[in-house]
Amino acid sequence: MPPPQKGHKILVYHDTQFRWIMQNRSGFNELVIEMAAAVNGQKLVATLPRIVNHSMITSAIDFGRKNGWTPDKEAPAFQCKYLRGSFHMPPAATD
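Here the sequence shown is numbered in UniProt numbering, starting from 1 and rising by one per residue.
One or more of the hints may lead you astray.
[Unchecked claim] Below, in silico cross-link-like pairs of lysine to any residue (SDA-like), each with a Cα-Cα straight-line distance of 25 Å or less: (1) K73 x G27; (2) K9 x D62; (3) K73 x P49; (4) K66 x H14; (5) K73 x I21; (6) K66 x L83; (7) K81 x L11; (8) K81 x P91; (9) K9 x N53; (10) K81 x N67; (11) K6 x I21; (12) K6 x N24; (13) K43 x H8; (14) K66 x D15; (15) K6 x K66; (16) K81 x V12; (17) K73 x R50; (18) K6 x T58; (19) K73 x A38; (20) K9 x L83; (21) K66 x Y82; (22) K73 x T47; (23) K9 x N29; (24) K81 x P49; (25) K73 x S26; (26) K6 x N67; (27) K73 x G7.
Everything labelled a hint here was simulated from the structure, so no lab data went into it.
Between the sequences and the hints, there should be enough to build the whole structure, so can you do that?
Set out below in structure tokens:
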């Protein structure tokens, strides 16, 4: 079943239609991006600062694509964080 459409915004970027939504999670912003087509693909989840601009959304898409985000294939969410003017991968969890 596709995710609910309410609150999502559509963005066409590099000839691909994406659906995105900004959520506030306990004092920080979380950006969720996925392909608009119903492919049940991997989501990109980015942690953003309080002040957000539109260019951060396209930058998140570019960063994700360069670092292995595959929005057309099913996989766990791709996580990244916006810090000091650019996106970064979160540190790897150690056991």
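Legend entry - Unsatisfied constraints (hint numbers, rising): 1, 3, 15, 17, 25 and 26
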